[in-house]
Each structure stands twice: as structure tokens, then as C-alpha cells.
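Participant: For reference, the chains in residue letters:
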Amino acid sequence: MKTIDMAVDLKGLTLENPIMAASGTFGFGREYGEYVDLNTLGGIMVKGLTLEERKGNPVPRVAETPMGMLNSVGLQNPGVEAFIQEELPYLSQFNTRVIANINGNTIEEYCRIAERLSDTGVDALELNISCPNVKEGGVAFGRDPEMVYKVTKSVREHTNKYLIVKLSPNVRDIREVARAAEEGRADCLSLINTLIGMAIDIEQQKPILARGIGGLSGPVVKPVALRMVYETAQTVSIPIIGMGGISNPNDAIEFLLAGASAIAVGTANFINPFVTAEIYEGIRAYLERKGYTSVKDIIGKLKF
Amino acid sequence: MKTSSLCKVLNTERIAEDIYKISVTRPVEWKEIKAGQFFHIKCSEEGKSYLRRPISICEVEANQLRFIVRKSGKGTEALCNRKVGDDLDIIGPLGNGFTPTGEKILLVGGGIGTAPLVELCKTIKAREVKVLLGFRTEPYLVETFKKYCSTVEVATEDGSFGVKGYVTALMEAAMENSPEMIYACGPEVMLKQIQQFGKEKGIPTQLAMEERMACGVGACLVCSCKVKAGDDWDYVRTCKEGPVFWGEEVIFDENN
Numbered sequence: 182m183k184t185i186d187m188a189v190d191l192k193g194l195t196l197e198n199p200i201m202a203a204s205g206t207f208g209f210g211r212e213y214g215e216y217v218d219l220n221t222l223g224g225i226m227v228k229g230l231t232l233e234e235r236k237g238n239p240v241p242r243v244a245e246t247p248m249g250m251l252n253s254v255g256l257q258n259p260g261v262e263a264f265i266q267e268e269l270p271y272l273s274q275f276n277t278r279v280i281a282n283i284n285g286n287t288i289e290e291y292c293r294i295a296e297r298l299s300d301t302g303v304d305a306l307e308l309n310i311s312c313p314n315v316k317e318g319g320v321a322f323g324r325d326p327e328m329v330y331k332v333t334k335s336v337r338e339h340t341n342k343y344l345i346v347k348l349s350p351n352v353r354d355i356r357e358v359a360r361a362a363e364e365g366r367a368d369c370l371s372l373i374n375t376l377i378g379m380a381i382d383i384e385q386q387k388p389i390l391a392r393g394i395g396g397l398s399g400p401v402v403k404p405v406a407l408r409m410v411y412e413t414a415q416t417v418s419i420p421i422i423g424m425g426g427i428s429n430p431n432d433a434i435e436f437l438l439a440g441a442s443a444i445a446v447g448t449a450n451f452i453n454p455f456v457t458a459e460i461y462e463g464i465r466a467y468l469e470r471k472g473y474t475s476v477k478d479i480i481g482k483l484k485f
Numbered sequence: 025m026k027t028s029s030l031c032k033v034l035n036t037e038r039i040a041e042d043i044y045k046i047s048v049t050r051p052v053e054w055k056e057i058k059a060g061q062f063f064h065i066k067c068s069e070e071g072k073s074y075l076r077r078p079i080s081i082c083e084v085e086a087n088q089l090r091f092i093v094r095k096s097g098k099g100t101e102a103l104c105n106r107k108v109g110d111d112l113d114i115i116g117p118l119g120n121g122f123t124p125t126g127e128k129i130l131l132v133g134g135g136i137g138t139a140p141l142v143e144l145c146k147t148i149k150a151r152e153v154k155v156l157l158g159f160r161t162e163p164y165l166v167e168t169f170k171k172y173c174s175t176v177e178v179a180t181e182d183g184s185f186g187v188k189g190y191v192t193a194l195m196e197a198a199m200e201n202s203p204e205m206i207y208a209c210g211p212e213v214m215l216k217q218i219q220q221f222g223k224e225k226g227i228p229t230q231l232a233m234e235e236r237m238a239c240g241v242g243a244c245l246v247c248s249c250k251v252k253a254g255d256d257w258d259y260v261r262t263c264k265e266g267p268v269f270w271g272e273e274v275i276f277d278e279n280n
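Chains as they are written, first to last, in our numbering: chain S, 182 to 485; chain B, 25 to 280.
Read the hints as simulated data drawn from the structure, not as lab findings. Note that this is a predicted model, so its numbers are computed, not measured. Check before you lean on any hint, since a few could be wrong.
Cross-link-like lysine-lysine pairs, in silico, DSS-like; alpha carbons within 25 Å at most [stated by the list, open to error]:
| hint | chain 1 | residue 1 | chain 2 | residue 2 |
| --- | --- | --- | --- | --- |
| 1 | B | Lys98 | S | Lys387 |
| 2 | B | Lys128 | B | Lys95 |
| 3 | S | Lys236 | B | Lys146 |
| 4 | S | Lys236 | B | Lys98 |
| 5 | B | Lys146 | B | Lys264 |
| 6 | B | Lys72 | S | Lys387 |
Based on the provided sequences and hints, a complete structural model is requested.
Facilitator: Given below as C-alpha cells:
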């Protein structure tokens, strides 16, 4: 077996391999830690955090769709302080990057939470300006390039941590918001968050989700995500973490070719808790078969 | 590390309208399985449904497991249509099962919620066990319960079998034996009444709750159950902290 270098460099953050767990699908690592060795992941993007505890939305919070699902969890989390005290020590024992996904209703809240995490052991912050399941903040910040610039710039001024901005696909042009985040001095972009969707129970004539609408994820969103990652990679010079429906090695390789320097696996974990390990092996086998010695050799190498 | 397991379908039998009994091989790695726990089953390998479906264990044998499944959507339909010899991709056992306690106990099941009570009825070491079962029309599993318990009473909403009405109507009469515990599984409206009944009579209840799930292992937070937390309330995970909860903890939606 040839030695293949799986490490990737996100210009300021190195990962032992390009496979990460996407925020909101992996909790704080404990549950899937029973199924996969967390040391084998490039990074874990933890469940979205807010300053204070959030209980989240009423149930039902999930609806199945063809090749995907809608969720409306609504950022249920124990708050940043409980994360630092109770969850971070657990995550820190693994040889993986810990990325705190942060959320706020106001720019000030984003800044405060970023500041609070600055002196902790988290490796990076992922600024979530794209959650579709909360009334205030969330995707409202992510839609307007001017707001994206403002919130990114403000958070940048409050932390020295590596800063990832998570983009929403629910925008007019992904390139505009990507550029705005880059101008606000984001170190990296992650995309896509969920697409806003809906499902209706025709017998009861009511939405299936208690909140009516939710975020669509799973294989169904993959072509959209891939296109947006491609467009973004053509537009910005900062690295990209690609996500959206990645369920197997083939999907992951597509995102790398389209220009993502790393990828995150989300909803697919629910169907196959071992999927991240399978993707690692699959990418490795692909590189070996194609005669590459490093995963970096295929990033953005899409041919036309 | 936990694994997922492939279980061979040994038998699929329709036992009532839209109700199927599915027997599968029991993998050696599943040593302890408690009544009230569930398994997360990949229903289709051809993409007929996307998410796994949580199915409670009905009966545990040395070499096989039995599930009762109600065809109620794409996933369960695909599951009920699986053929003998097919491999089912299953994760489990998951969640917390029933906590067996008391010498005199009452089991109350409604519809598909009767299934998890079979294993409980079979394994519980209580002196007196009474089972009350409720169905809309066609009953099922009644004979199975009778194998393990001498007192089984049935209610059907249309009166086609047993007493006409809801299963909860049989509960007052069951108080003669002064049960020390009530175990229940069924529709939310039934569980809510049983919670209230237990509270009035001073009898502790254990309720097996149902909620739409995605991951089944506690990571995604979609299957929240509202429970008391001091003077406040909290959402906990039906798949992890449940699906069996003490009746006094659960806060039911007022609209039901």
C-alpha cells in the first residue's frame, strides 16, 4: 500500500484529513463516538451554540422527503458556558479539530459568544448566519451581503480564532455573500446550510413540521450544494469546506474536485453512522487508484 | 465500538389489517435487549424511504427477534414488503427500556403500542400481571399475551371484539387487584389519560413514548419529549433518555 497524504491545509488550520462532521448532525461527538473513532475525523463541527441555553422548537421537528429530510430543531443547545464546561473537555481528548458553531440574534451576541470561546481549546469558530429555524438572526443575517460583511467583520474584531463563515443557500447569488464574508476577513467559508422547505400532511391538511417550515438536507440537496461550492471556489481565494448531501466517497470527491479543501458529512450519519470512516477509505482508495500521493492534488482540479 | 448488524428476515406475517409480524435472526453481539428498547431499521435498500425507522422490540428469543410493524408510510411499507432471506441493516438496541418493579402490575397497550408490552409481559417477574389491550377494530397479539399472562382483557372502539370502547375504560375495574405499577404504550391521548389516572390513584406509571426520529442515537435532537425539570420544563431525547419515561415526568401537549 502506497503512503497517501490525507492532510489538508485550510490556510491557518490544518486537518489530518479532509473529512469533518457537519454541525447539528453530530451533537458534541459523544453519541457517534460509540460508532466511529473520533480520532479518525479531520474535525467536528459541534451543535450550534448560543449565549444562553435554547430549548428549540416544538415537535414534530422532522419530516422525511424523497432522498432527504426537513428539520426544524431550532438550535436546541445547552448554551456556550455549558458547552465549555461539560462538552469541550470530552471533545478535546481526541486528535481532531473542534469547531464551535456559533449563533446569535444580534451582531453583539455573535461577538460575545466568539469572545467567550476565544480563550478556550476550540480550534475554530463557524459563524452560523444561515440557520433557517429561528425567528431572529440566523438566515436573516446570511441573506444580505451587507449584513454578512458586517457580522463577519465584527466577529473578526472580537476573536483571534480561525473564523469560518457558514453560508446559506437561500440567497439570490451565493457569490455575493461569499465575497462579502471574504471582505469581512473570514478565514474560510463552509457551505451549504439547509435549503428552506416544507412538507404537508394531506389528511390533516397541516404542515408536518410544527413550525411549518424547516431546513432540507440529504442527498436531495447535493447537486445544488456542489454547484454553489463550485461557484464560490471560482469567486473567493479563501478555502472552502463543502457540504450538502455528501453520503459516500464519490460525493466527497466531487466536492473536492469542485474546489472544496475539506468536506463535512451531515445527514448521512443518521442513515449510516460509519459513513465518515467509509468516506475516508473511499477517498484513499480513489487517490491510490488514480496515482496521487496527496489528497491536495485533487482539490479544485475539475477539468472542463 | 458499536456496529450495525445485518439480520436475515426469517418470516413476515400479516396479523391484522396493515399490521405485520417480522421475525429476523438475532446477531450474537446483541446480548442484552430490554423490553421497551427499540431498533433503528433501514427499511429499503432501493431508496423507497430515506431515514431509518425506529421499531420497538416485541419479542426476544435466543436466536431471533420479532417486531410488529404497522404499515403507515413509505418506510414501514417497504419494511413490511421485505422478503424472507433479505438482510435488514439494523442499529440497536437503543434507548431505555421499562424498569421492572412491583409484585402486582398492570400493562395497558393501545394499537401498535401493544407490541413492546409482549416482551415486558414475558420477562417481568411480578406475582400478578394483568394486561389491558385496546384496538380500533381488529385485535392482534391477544393470543401471544395469553401465553404469558392469565388475565388479558380487550376493548375495541367499534365493539367487534371484547368490550366496546377505549382501553382506558377497563382501568377502573382493574383497580380491584390494587396494582403497584402501570406500564403503558399507545397513542398519546391514551398515555395522557393513564398518566392522569396513575396520578389520581397514586400508582406510578411508565410510559413508552413515540416521536418522529432521524438519527435514533441522540445526536440530531429532532425527537424531543417535553419533561418536567424542577419548576421548569425541558426537552429531552425520546431516543436516548426515552422512549420509556416515568409518567410523572412527561408533559403532554394540552391540545391532545
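Participant: State for each hint whether it applies.
Facilitator: Results of checking the hints against the structure:
1. B:Lys98 / S:Lys387: 19 Å, holds
2. B:Lys128 / B:Lys95: Violated - the C-alpha atoms of B:Lys95 and B:Lys128 are around 34 Å apart, more than 25 Å.
3. S:Lys236 / B:Lys146: 38 Å, violated
4. S:Lys236 / B:Lys98: Judged against 25 Å, a Cα distance of about 31 Å means the pair is violated.
5. B:Lys146 / B:Lys264: Roughly 24 Å separates the two Cα atoms, so the pair holds.
6. B:Lys72 / S:Lys387: 24 Å, holds
When held up to the earlier numbered hints, the structure conflicts with 2, 3, 4 and fits the remainder.
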